[in-house]
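Participant: Residue numbers (the working numbering), protein chains in the order written: chain H, 1 to 329; chain X, 1 to 256.
Derived by calculation from the structure, the hints in this document are not laboratory data.
Be aware that one or more of the hints could be misleading.
[Claimed, not checked] Computed footprint of chain X on chain H; a stretch qualifies when at least three of its residues, placed anywhere within it, have a C-beta under 8 Å from a C-beta of chain X:
#1 84 to 94
#2 177 to 184
#3 208 to 216
Owing to the predicted nature of the structure, the values given are computational and were not obtained by experimental measurement.
C-beta: ideal position from N, C-alpha, C; glycine also.
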Amino acid sequence: MGRALKAYLHSLKVMLGAAPGKPDKSDYSEEARALHAYKKTPEVRLVRLAKIREELADKKPSYKWRKWRWASIILINLMFVVSYKFDVQLVEGALTASRFVGFHMADLNSGIQITLAQKTILTNVVIGMVTVAVLWWLVGGRAFCSWACPYHLASEWVEMLHLKLVEKGWAKDIPLHRGMRTVLYVVFAALAFITSFTVFEFINPVGILSRAFTYGLTLALAWVGLLLLIELFFIRRFWCRYVCPIGITYSLVGSVSPTVVHYDLNECLHEGECRAVCLVPHVLDMTIKGRATDVNMDIGADCTRCGMCLEACPTGALSFKVKGLGGLL
Amino acid sequence: MTEPKAKKKPANKHLSRQQKQRRTLLLSMVAGAGVTGVGLAGYVPVAKNGQTRLRPPGALDERLFLASCIKCGQCEQVCPVNAIKLADIMDGFGLGTPYIDARTQACDFSCDATQCILACPTGSLSHKINKKEEVQMGLARLSSPTTCLARQGLGFVGLARGEDFPGIHRYVEVDRWNPIPIADHPYDLEICDLCVRECPIKNAISMQPLSDDPNDKRRTPVVNTDVCVGCGMCEMICPTEPSSITIDIAAKRESA
Chain H
1 MGRALKAYLH
11 SLKVMLGAAP
21 GKPDKSDYSE
31 EARALHAYKK
41 TPEVRLVRLA
51 KIREELADKK
61 PSYKWRKWRW
71 ASIILINLMF
81 VVSYKFDVQL
91 VEGALTASRF
101 VGFHMADLNS
111 GIQITLAQKT
121 ILTNVVIGMV
131 TVAVLWWLVG
141 GRAFCSWACP
151 YHLASEWVEM
161 LHLKLVEKGW
171 AKDIPLHRGM
181 RTVLYVVFAA
191 LAFITSFTVF
201 EFINPVGILS
211 RAFTYGLTLA
221 LAWVGLLLLI
231 ELFFIRRFWC
241 RYVCPIGITY
251 SLVGSVSPTV
261 VHYDLNECLH
271 EGECRAVCLV
281 PHVLDMTIKG
291 RATDVNMDIG
301 ADCTRCGMCL
311 EACPTGALSF
321 KVKGLGGLL
Chain X
1 MTEPKAKKKP
11 ANKHLSRQQK
21 QRRTLLLSMV
31 AGAGVTGVGL
41 AGYVPVAKNG
51 QTRLRPPGAL
61 DERLFLASCI
71 KCGQCEQVCP
81 VNAIKLADIM
91 DGFGLGTPYI
101 DARTQACDFS
111 CDATQCILAC
121 PTGSLSHKIN
131 KKEEVQMGLA
141 RLSSPTTCLA
151 RQGLGFVGLA
161 RGEDFPGIHR
171 YVEVDRWNPI
181 PIADHPYDLE
191 ICDLCVRECP
201 IKNAISMQPL
211 SDDPNDKRRT
221 PVVNTDVCVG
231 CGMCEMICPT
241 EPSSITIDIA
251 AKRESA
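Using the sequences and the hints, build the whole thing.
Facilitator: The following block contains the structure:
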């Protein structure tokens, strides 16, 4: 099995909940092995540690991508609201399904839920889902989460608060098993099929928020509030990390996307700054010293392309890459 | 044998790695079951078979409607009289699905062409329907005959629902294209026939005399169950409180 295929399957496994773990000795490329060995030599190690100290001493926070990302989430959701309030027919509907200047768009997960529930394949829904899948495939699959999802933004703000509370000892982050999300994905798909109700949509905070923006406040927002409270005090990013099937659906699209975060072992000092800020740190496992099986690697399926690791990385070892465009960017 | 005081519960940090893993797994199962449980709670309001809400024109049978609606609200957006509302969490699995509260704002087919059906991306509002006459939302029924003004031989003068009523309706004789507030349209009727007068479907309701006596002014609205589409316009316009005529959502046209 080729290294690329193996890495791809591994990224899917990790996305579904497997611990990344140490790679097999045979998985490493020659260059990677040599580079790891070189980094292990005492002199180089000392140089690296000195560099890290220096770097972290005058670390300035960067929000290079965040400002665009937040703007993107706000703009996308605002377009729905503006379309409705001013009747400009730009994007009518909600994030679950809409018409973008007349073209059908259907959220992949909502589309799957109603298809399973009614056991019928609807042309409009398929057209909408394919359109959405192609669009998000282009920009990186789970980029939907960090560049469009309104719950993600709310959750991100709550996370910032959560981290402050943890510092003060007023909150803690209880870890759960990531496999829970995979189990719930299957559970909700099965429930839709068996009960013929779109059970997941009843608790889907993305749909609830998206509709509330356009159609007005609902009691259902209390559920979203409860989720955010859980995230504030007990479980960091509870919904996005451990529950949301929408994330898995878009991960699958992202697993074969040309737009990826790229890792360069040459540049990396293994500080771990990236993993500390990442929503899905398991995808950054190769940044742990000795774990990268190749010198140049693409971050796996579960990555939301949020760019926070890029901002956190002091050495520029992580960067956005569009495969196939090569030197164009 | 007696050493209960020494047996203190170990603090979390003393848990072995295996114990920690087991605890994480257990917590995950509890959390997962919790989320699933909350999801399934949405079943309670829909547990009873049958419909509890008046659905927009073209809605499929309730079960199929709930299965197929993608909860996007596009139908809500196109309705010119804003008759369509989206259900809240109290509707359980119906959360985000469209319904009409006819007494507050009925569908009066101001759009002329079942726009909500055209807007629906999933066919939950069935695309098989092309004309308002084909719609089947329910059937109007004289649910409170004793309060009906016509049955008492009474007329109606003034605003059908009072000056604060926000509901709108398209009066073709006033403005062919735009609905206006019902509160802007006073009536002066010798015998109240508002339900018949404002009904958007031809021959769906008619006024019939209550007796053979030509001097008896009393009339009664009679719903033609082969024609009525259940839009609820009569329920909205009825000036008695509560409305003497309402939509029976369980009843469907006989001819269909």
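Participant: Would you list, in rising numerical order, the hints stated earlier that this structure does not obey?
Facilitator: none
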